[in-house]
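Protein chains: 2
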Amino acid sequence: MPASELNLPASVRPPQRVLLGPGPSVIDPAVLSAMSRPTLGHLDPAFLAIMDEVRDMLRRVMGTENELTFPMSGTGSAGMETCFVNLIEPGDAVLVAVNGVFGTRMADVARRAGAVVSTVEQTWGRSFSAEDLRAGTEGKPFKLLCVVHAETSTGVLQDLTAARTVADECGALLLVDCVTSLGGHALHLDDMGVDAAYSGTQKCLSCPPGLSPVSFSERACAVLAERKTPVQSWYLDLSMISSYWGSERAYHHTAPINMLYGLHESLRLILIEGLDRRVARHGLHARALAAGLESIGLSLRVEAHERLAPLTAVAIPEGIEDGRARAFLLDQFGLEIGGGLGPMAGNTWRIGLMGAGATRHSVTLCLAALRAALIDQGQDPGVDPLLAAGAVYMS
Amino acid sequence: MPASELNLPASVRPPQRVLLGPGPSVIDPAVLSAMSRPTLGHLDPAFLAIMDEVRDMLRRVMGTENELTFPMSGTGSAGMETCFVNLIEPGDAVLVAVNGVFGTRMADVARRAGAVVSTVEQTWGRSFSAEDLRAGTEGKPFKLLCVVHAETSTGVLQDLTAARTVADECGALLLVDCVTSLGGHALHLDDMGVDAAYSGTQKCLSCPPGLSPVSFSERACAVLAERKTPVQSWYLDLSMISSYWGSERAYHHTAPINMLYGLHESLRLILIEGLDRRVARHGLHARALAAGLESIGLSLRVEAHERLAPLTAVAIPEGIEDGRARAFLLDQFGLEIGGGLGPMAGNTWRIGLMGAGATRHSVTLCLAALRAALIDQGQDPGVDPLLAAGAVYMS
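So the protein lines, in turn, are chains A and B.
Position 384 (the first sequence) corresponds to 384 in my numbering; numbering is contiguous.
Position 31 (the second sequence) corresponds to 31 in my numbering; numbering is contiguous.
Looking at chain A on its own, in the form it has when it is part of the complex (with noise of 0.2 angstroms):
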C-alpha cells in the first residue's frame, strides 16, 4: 500500500533553530554526522576501541585519573540516579544542598535510594559558602555531601573549595552535578577533590542529550566495593556496567552505539579547541551577553561574581509576558530560549550559550531578537543591545 494511504506522518524534518535554552545546545554538524554512521555490535573489538578512546578523552575533559570514568546509558538525571543508587545504602545519613531546581531533584533522588536526607538551602540565585555548608551539617557527620556546581535552573555557579573543605569537615564524600558545568566551565575532579560528578552530553558538551557521563574517585570505589545491600536499579548498577567498560568486557545491556559516536565526536572537538580556551571562551560571550541585556535595562537574577557562564538567567521586566515572547523568538527568529522552573517560571529567561553556541554569532542573534520581542510587547528599550555587547568583544 502506497505511503500517502496508510496515513503516515512524514519523516522528521526539524524547523531551522538556535538552542540557547538550558540545552539542548547547539551541535556541531560533525558530531550529527559521527552519530549516523554504521552501528557497530556493542562487543565488536572496533566498538570496543571506541569505547576506549570515549573513556580516555572524557577523562581529560574531566580532569581526572579516575579508573571508574564513563557514560551511562540515559540523560543527566540518570547520571544523577546512578551516583546515589550506588553510593547509598537505606539508613545512610546525606547532605543535599539546595538552591534551584536540581539540588531539589538530588534530595528526591537520594530519599528513594532509602538516604536519610538532611537539606541545606539558600535563596534561589545564590550560591553556598563554607560557612553556609557548616551550618546545614549541625556538626554531625554525613557519608555525602552535595551539591550542584552549575545551577541551570538559576544560573548560579558553586565554589567546590568551599564545598570540598566542609564535605572533609563531616567526613563526607563530595558529588557534584556538573551537568552545566562540564566543558563550560573550569572543573578538574583531581584537584578540587570530588568524589564523585555526574554530567549529560547536551549542554557544554555539545551532543545531542542521551548520555551522562560519570566518575568515581577511589575513595568513592572502596564505599562501592564494601557495599552490603544489592544496588536497588539493575540498569545503573556499576559493579556490572564497570565490567563492560573494564578489561572483562562482560555484557551487562546494549550500549547506545551511534550516541557514544557523537560523544566520541563532541570529546575531540573539545580536546582539540583546549579547554582552558574553551573556558576562556564561554566566559567571554556571557560577559558580552550580560553587558547587552543590562544595557537595554533587564536585570540578572545572578550576581556577577557567582554567575554561570554558560547559562544566564533574566528577569522577564513588569508588563511582557513570556509565552508570548518565547513563542515570537521562536517562530520569527527560531531561537530558542528557556523558561523559569519553579519558582522562577513565568518571570525569568534562561538563555544559554552553549559549547558550539557559545559564539558572538548567538550572542547577536539573542540580543537582536529580544530587543525585537520587548518592541513587540510595546516597550521599546531605546538603545541598541549590541553596542555594549560590542564594547566587550572590543576591550
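I should point out that these hints are in silico values taken from the structure, not numbers from a laboratory.
Please note that the accuracy of each hint is not assured.
Stated by the list, open to error - Chain B is faced by these chain A residues, among others (derived, beta-carbon under 8 angstroms):
{"id": "1", "residue": "Leu8"}
{"id": "2", "residue": "Pro15"}
{"id": "3", "residue": "Arg17"}
{"id": "4", "residue": "Gly21"}
{"id": "5", "residue": "Ser33"}
{"id": "6", "residue": "Ser73"}
{"id": "7", "residue": "Gly74"}
{"id": "8", "residue": "Ser77"}
{"id": "9", "residue": "Pro208"}
{"id": "10", "residue": "His253"}
{"id": "11", "residue": "Ala255"}
{"id": "12", "residue": "Arg268"}
Positions of the beta carbon are idealized from the N, C-alpha and C atoms, including for glycine.
Since the structure of chain A is provided, determine the placement of chain B on it from the hints.
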C-alpha cells in the same frame, strides 16, 4: 595546537559489518540519516509533534490503544526495570517464568524492586505450556506473571495465550518482555491481553540501541494510580514521565531527541512495509536459514514449533572453536553473529535475522561464511548450504 600533537584519536570510522547477532541489527540508512538531523529543544512545539507521531506509530506497531505507550530514555533493560519499579511495591508477589538469561534478569530486577519473587523454571531452549506455568503458581495469587515472549538468549518463542490464561487464574497482570519479538513476530498487545510490555529499538525495529518502548493497559494503569509508596527510581517514574508524553508536557528529563528521530523513521518504515508482511518476511528467511544450517549438519537449539524467527540458536559442532570461528567471520566477511550466554557460552551461536537484516542477502552471506568458517577449522561439510536455503525460497 594541531590535533596531531594532542594524542587524539581520529573520528570514528566504523568498519563495514553485517550485524546478524542478537542485536543491534542491520539499520536502514534512512534511520541513520534521520538521527543526524538538527537537534530540537525537548519542549519545542515541532518536537512535541514528533513525539505525538512516535506515540501514534508505536501504538500501531504494538497493537494497542493503551494511552500509556511511549519509549523510555534507555535501552531495553531500562524498559524492563521501568515495568517492575512502577508496578511493584515492597512485598508484592511476582511469578517469573525463567527459561533463559532474560527471565533470570527479570527475577533479579523484580527482587531489587522489593518483590517477593517466585520463579518457575523450564529447560533453556523450551517454552512454557499453560500447565508448566500453572504448576509454578502452586495455587497462590500473584500481582504479576512475567514471561519473555522472545527469549533472545535461546531463541524460544513463548505462547502468550497460555500465559494469559494462567495470569487470569492467579489474578495477575501479565508482564511481557517483547524486546526481540516486536516488529518480527505477530504481537498485538490488546488482543493478547498483555498488561505491561517493554521492548528495545535495536532488534526487529532496526534502530540503534538507546530507547525502550513500553506500554501499559488500563488495568496496569489502575495499579500505578493506586501506589502507596513512591517509585524507587526517579528516572523511570512513570507518573512524572507520562506528564511529559501526555498533554501536560511537564518537563521531567531531557529526552534523547535524535534517538527519537531515528525511532520515528524506523516505525514509519515498518508501517509502510505492513506488519503482516514484515512478520511473514522474518518467518521466510528464518526457515531458509534453518534449512541451510541443518543441511550442513548443524543442529538447532530449539524445535521448529517454538523457534523464534528473528533469532536462531545453533549448536557449535564438536571440535569447532567458538572464538576462532566468530573472529574469522568478522575478519574475513565483516559478519557478526552472537555467542551463547550462561550455560550456552562457548557451545552455541546466535544468529539474528532482524528487521532490515532479515533478507535473502543476509541468509546467503551467513550460510556461505559459516561454511567457510567450518572449513577453516578442518570440517568441510561437503554440501553447499545455499541449496537447501534456495529450496525454501523456491517453494
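Which of the numbered hints above does this structure break? Checked against the structure, no hint fails, so every one of them is satisfied.
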